[in-house]
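Student: Read off the chains here:
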Amino acid sequence: MRLDVKKTYKLYINGAFPRSESGRVFEIKNNKGEFIANPCLASRKDLRDAVVAARAAQVGWAKSTAYLRGQILYRIAEMAEGRKDQLIAEVSAGEKVNKAAATKLVEAAIDRWVWYAGWSDKLSSIYGGTNQVSGPYYNFTIPEPQGVVAVTADSLLSFVESVGAAVCGGNTVIALVTGGASIPVMTFAEVIATSDVPNGVINVLTGSLDELAPWAASHMDIDGLDITAINAKKRNELIAAGAENLKRIHAFDKGVTPTRIISFMEAKTVWHPIGV
Amino acid sequence: MSFYGLVDGSESSLKNFLNKLPGVDQVGAESRAATLGTRSIKTTSKKWAIETAISMVDLTTLEGADTPGKVRALCNKAVRPDPSDPTVPSVGAVCVYNDMVQIARTHLDEIGGKHVPVAAVSTAFPSGRASMEVKIQDTQDAIDAGAQEIDMVIDRGAFLAGKYGLVFDEIVKIKEICGDKAHLKVIFETGELVTYDNVRKVSYLAMLAGADFIKTSTGKVAPAATPPVVLVMLEAVRDFYAMTNQRIGVKPAGGIRNTKDAIKQLVLVNETAGPDWLTPKLFRIGASALLNDLLMQRMKLTTGYYASPNYVTID
Amino acid sequence: MTFEYSPAPESKSIVKIAPQYGHFINGDFVNGKNHFPTINPATEEVLSQISLGGKTDLDKAVTAATKAFSKWSKLTGAERGKYLYRIARILQERAREFAVLETLDNGKPIRETRDIDIPLVAAHFFYHAGWADKLDFAGLGKSPKPYGVAGQIIPWNFPLLMLAWKVAPALATGNAVVLKPAESTSLTALLFAEVCQQAELPAGVVNIVTGDGSTGSTLVNHPGINKIAFTGSTEVGKKIARAIAGTNKKATLELGGKGANIVFEDAPIDETVEGIIAGIYFNQGHVCCAGSRLLLQENIADELLVKLKKRIGKIRVGDPLDKNTDLGAINSKEQLIKIKELAKVGEAEGAERWSPKCDLPAKGFWYPPTIFTDVTQAHRIAREEIFGPVLSVLTFRTPQEAIEKANNTPYGLSAGIWTEKGSRILWAAQHLKAGVIWANTFNKFDPASPFGGYKESGWGREGGRHGLAAYLKENN
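Protein chains in written order, with numbering that gives the first Met the number 0: chain A, 0 to 275; chain B, 0 to 314; chain C, 0 to 475.
Everything labelled a hint here was simulated from the structure, so no lab data went into it. All residues carry an ideal CB built from backbone N, CA and C; glycine is no exception. Accuracy of the hints is not assured; some may be wrong.
What the hints assert, rightly or not - Here are the simulated DSS-like cross-link-like pairs (lysine-lysine), alpha carbons at most 27 angstroms apart as the crow flies: (1) K309/C to K233/A; (2) K322/C to K121/A; (3) K232/A to K332/C; (4) K6/A to K103/A; (5) K19/B to K133/C; (6) K15/C to K66/C; (7) K443/C to K404/C; (8) K308/C to K404/C; (9) K263/B to K313/C; (10) K313/C to K259/B; (11) K420/C to K404/C; (12) K253/A to K141/C; (13) K237/C to K233/A; (14) K472/C to K15/C; (15) K306/C to K263/B; (16) K322/C to K259/B; (17) K253/A to K133/C; (18) K46/B to K343/C; (19) K144/C to K362/C; (20) K343/C to K332/C; (21) K362/C to K41/B; (22) K280/B to K309/C.
Unchecked claim - Take a look, some chain B residues computed to stay more than 12 angstroms from chain C by CB distance: (23) S12; (24) D24; (25) R38; (26) T42; (27) A64; (28) D108; (29) G111; (30) K113; (31) H114; (32) R128; (33) K162; (34) V193; (35) A221; (36) N257; (37) S287.
Claimed, not checked - Cβ-to-Cβ under 7 angstroms is the rule here; a few derived chain B residues that face chain A: (38) V26; (39) T194; (40) T301.
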């Protein structure tokens with residue numbers, strides 16, 4: 000019998016797959032208590048590096064056309080489809096669900112990318128508009144990305160739902176992922192890395208939300224925070240910490256609607272006189 | 000040749016200069032003029048303002064039906080706007096067609112109005128559509144008949160076609176004929192130039208070519224002397240003064256019918272070009288009906304009662 | 000003889016101010032306690048005594064609002080809208096009275112209250128009245144629901160206008176309101192209570208409790224409040240954000256700003272000068288979205304500054320009731336001290352200060368229109384909100400540099416762009432991190448136009464469909 004070649008799960012920062020600067024890992028076991036992998040236990044310094052990467056990538060990603068963003072998000076779905084079997088196996092092992100359930104979750108995750116891909120170039124039509132002001136002015140409102148958004152995830156699907164919402168609108172993202180989901184999510188990071196997503200647009204840190212989320216909440220260069228994967232009892236502390244830079248902090252407990260995309264966008268209104 | 004050291008009179012130097020002028024934002028200019036229109040002036044200043052406005056009126060008749068009788072009556076009014084009150088100043092000038100200049104001049108001199116100049120509209124007024132020879136002759140005739148002020152029209156067609164040199168040369172030529180005998184007012188017909196950008200450009204064009212006054216309109220085309228048009232022209236004379244140390248006058252004409260409108264114009268002058276321009280030497284108002292309203296408002300100030308048109312003369 | 004503008008004072012006789020006020024709770028004026036004076040900042044004359052609302056008053060107000068909410072939210076939108084239309088019309092009828100009262104209490108020129116504040120107030124009610132029966136079209140699903148009782152805290156810079164920005168959308172969407180005006184400017188809010196009575200608005204739908212910061216804090220922390228709307232400083236905004244963590248309260252925050260007004264070399268220069276004036280001297284600079292940082296392209300800076308200074312010299316400072324006044328009184332002694340302090344810092348840090356010669360009245364709180372040149376991003380006067388008639392002038396060399404400097408601030412409320420080049424306007428508008436961008440104009444407001452900031456300038460929008468959505472729960 001041939002010995003498996005096991006994978007080393009690392010972090011995904013600025014288009015590269017480094018280990019945690021802390022050198023820490025945590026152990027993932029399957030239902031039977033067998034060892035699966037040692038993903039990185041990311042530190043606050045990894046978060047700091049990820050924020051720098053996300054900030055540097057911000058302007059370029061926000062400025063790229065919505066059509067291009069849509070195509071890149073669709074490309075993620077295409078690439079994920081090709082690695083569906085691996086993702087199902089890893090969701091099953093890491094998230095401890097049977098194969099049928101894992102299949103459903105992975106398919107939902109892939110389809111969610113397709114859904115987001117189609118949203119990118121419709122946001123300003125639906126959530127923007129021209130405003131009929133009383134005077135000789137042309138006045139329009141468009142949604143624009145907030146900037147750098149940190150999201151939280153405890154499953155592959157929640158990773159996709161939160162990351163997709165933020166990047167769809169033009170934000171760059173740091174995803175904080177916890178538990179067994181780290182395994183499929185880091186594989187998904189490889190999908191992202193091969194899907195024409197510019198470096199730094201999506202960054203993935205695995206580890207402890209309890210450890211990382213407070214640093215994200217208080218980080219002054221993070222504009223938005225999605226705390227959907229945070230236990231309801233632990234959210235208040237993060238919201239209070241985020242007040243320091245009036246971070247936009249949201250949890251989406253009722254499923255995914257376009258509001259999730261819009262929550263990490265700002266309405267920008269522009270006035271110009273109409274004259275000759 | 001050099002004009003104020005700014006242009007050499009060539010088409011290219013004019014284009015270069017005029018096209019570099021900053022643009023005018025229509026909404027912004029109109030909003031500034033409207034805000035200034037809400038200024039109210041002091042009661043003690045009001046009498047002064049009304050009298051100043053009277054002294055700035057170019058009392059005008061420019062009708063095909065003008066007769067010597069009509070012109071003589073206008074001259075009487077010009078010298079003594081209010082026969083019952085000799086303290087009312089004479090108007091700034093009497094403005095008539097070329098063929099009425101001599102009649103006006105002679106009559107003014109006879110009735111003690113030597114100090115009231117006669118202004119003649121010239122250069123194929125109001126359209127300006129004639130050969131240069133005709134325009135020159137037109138101007139020469141007026142000066143020979145005693146006109147001390149020439150209100151010439153520019154060739155709007157040429158301006159709109161971008162032939163700045165042509166417009167410039169005409170003004171230069173007419174200025175030459177005026178020499179030191181007559182002041183030159185250059186009429187733009189801003190209602191035909193339409194945009195404030197054009198008003199700004201043509202203001203500089205005329206000033207560079209030697210205009211003593213820049214004037215909005217013939218009175219035959221609406222809109223005429225709207226507050227924002229006058230604002231843009233006042234900005235031009237203000238900035239031209241900063242460039243050349245030369246003060247050019249401004250004459251709104253057409254559409255200024257009552258005291259309120261006239262005082263708004265004075266506010267524009269005061270706030271934009273500054274108080275130095277609040278003199279008939281540098282600001283005139285071309286009008287006919289305005290004078291009687293100024294007189295009525297003055298009566299109200301003197302008597303305390305609202306006046307009736309029956310007490311002001313209709314000539 | 001010279002050309003002088005008259006002191007053309009608007010008559011004060013149109014307003015009646017009671018010697019003392021209580022609160023407006025459950026449709027009635029009720030007695031208050033712990034009165035403090037409200038003064039005319041232009042004369043320091045005491046206008047009336049205002050009650051410092053406390054927990055008992057707020058309990059009563061919240062109870063009244065909660066009770067009123069159950070009926071009010073169940074009215075058809077069309078009926079609610081009709082109440083708002085009534086309010087809009089009564090405000091128009093009594094516009095001059097409100098304008099004079101606002102000018103007396105706030106110190107801002109009558110020209111602004113008469114031509115800007117009060118007409119916009121009526122427009123806000125009229126606009127939102129029309130929304131009341133069209134909430135299904137607000138983009139929040141069918142029959143979106145109101146939150147309940149909105150606690151609203153408004154600032155002193157646009158007292159009645161900020162009331163309108165908050166009360167109108169709250170009522171249109173079926174929320175009930177407990178509103179706390181700023182301590183130095185309560186009078187128009189109390190007069191608005193009379194309008195509610197004339198409009199026969201059901202008792203308890205709008206409650207007004209006057210007071211200071213402590214009253215506001217008690218309101219924010221009141222368990223009966225479901226939604227907070229606050230306009231004021233970023234400092235207090237952050238406190239509110241912390242205070243409501245762990246509650247279900249939603250918040251809209253309109254906070255501070257340090258707006259960049261960017262002038263490119265091809266700007267329409269005379270209108271730009273007017274826009275700079277409107278950007279910083281409108282409302283004595285007590286404007287969160289003021290264009291307080293002027294960014295001039297270096298190759299036109301000198302020329303523009305000459306024109307700007309000349310124009311500033313024409314600003315008429317003085318009696319706010321005079322129709323010719325452009326710049327009125329600073330709203331309070333505290334604010335005047337703050338402005339003076341920051342101006343002193345500006346000088347100490349080496350910036351060059353300039354004001355035209357102008358005679359300031361002996362009584363009251365006054366500050367001349369002022370500009371600081373030779374300012375850099377490192378100066379405190381380029382970073383901190385002065386909230387007064389003080390402009391900091393910086394220069395830039397390229398459009399990219401202008402944007403970098405404009406965005407180099409924790410705030411993100413407003414920005415201005417002056418250029419005649421269309422593509423540059425859109426490029427700059429795209430790159431500026433600000434919620435409201437005025438291109439070739441400044442400080443324009445409209446009920447249909449969403450207003451609010453990025454980053455530390457706040458949460459959410461007020462005005463337009465976006466502002467309305469802040470008072471509704473999505474239904475999906």
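Student: Now, for every hint given, state plainly whether the structure supports it.
Tutor: How the hints compare with the structure:
1. K309/C to K233/A: violated (59 angstroms)
2. K322/C to K121/A: violated (49 angstroms)
3. K232/A to K332/C: Judged against 27 angstroms, a Cα distance of about 45 angstroms means the pair is violated.
4. K6/A to K103/A: With a Cα-Cα distance of about 24 angstroms, the restraint between K6/A and K103/A holds, given a limit of 27 angstroms.
5. K19/B to K133/C: Not satisfied, since the Cα-Cα distance of roughly 51 angstroms exceeds 27 angstroms.
6. K15/C to K66/C: Given pair K15/C, K66/C is violated - Cα atoms ~32 angstroms apart, limit 27 angstroms.
7. K443/C to K404/C: holds (23 angstroms)
8. K308/C to K404/C: holds (23 angstroms)
9. K263/B to K313/C: Holds - the C-alpha atoms of K313/C and K263/B are around 16 angstroms apart, at most 27 angstroms.
10. K313/C to K259/B: Distance of about 22 angstroms is within 27 angstroms: holds.
11. K420/C to K404/C: holds (20 angstroms)
12. K253/A to K141/C: Between K253/A and K141/C the Cα gap is close to 16 angstroms, so the pair holds against 27 angstroms.
13. K237/C to K233/A: Given that 27 angstroms is the threshold and the Cα spacing comes to 20 angstroms, the pair holds.
14. K472/C to K15/C: violated (41 angstroms)
15. K306/C to K263/B: holds (22 angstroms)
16. K322/C to K259/B: Status holds; Cα separation ~16 angstroms.
17. K253/A to K133/C: holds (25 angstroms)
18. K46/B to K343/C: At roughly 45 angstroms apart (the allowed maximum being 27 angstroms), K343/C and K46/B break the hint.
19. K144/C to K362/C: violated (51 angstroms)
20. K343/C to K332/C: holds (16 angstroms)
21. K362/C to K41/B: Since the Cα atoms of K362/C and K41/B sit roughly 23 angstroms apart, the hinted pair holds (cutoff 27 angstroms).
22. K280/B to K309/C: Holds, at about 24 angstroms.
23. S12: holds (21 angstroms)
24. D24: Contrary to the label, D24/B does not stay out of reach of chain C, its closest Cβ about 4 angstroms off (not over 12 angstroms).
25. R38: violated (5 angstroms)
26. T42: violated (6 angstroms)
27. A64: Answer for A64/B: holds, closest chain C Cβ roughly 38 angstroms.
28. D108: holds (30 angstroms)
29. G111: Non-interface label on G111/B holds, nearest chain C Cβ at 25 angstroms vs cutoff 12 angstroms.
30. K113: Given that every Cβ of chain C is farther than 12 angstroms from that of K113/B, nearest at about 25 angstroms, it holds.
31. H114: holds (20 angstroms)
32. R128: holds (33 angstroms)
33. K162: The claim stands: K162/B keeps its Cβ more than 12 angstroms from every Cβ of chain C (closest is about 24 angstroms).
34. V193: holds (17 angstroms)
35. A221: holds (24 angstroms)
36. N257: holds (19 angstroms)
37. S287: holds (25 angstroms)
38. V26: At about 3 angstroms, which falls below the 7 angstroms cut-off, the nearest Cβ of chain A leaves the hint on V26/B intact, so it holds.
39. T194: holds (5 angstroms)
40. T301: violated (42 angstroms)
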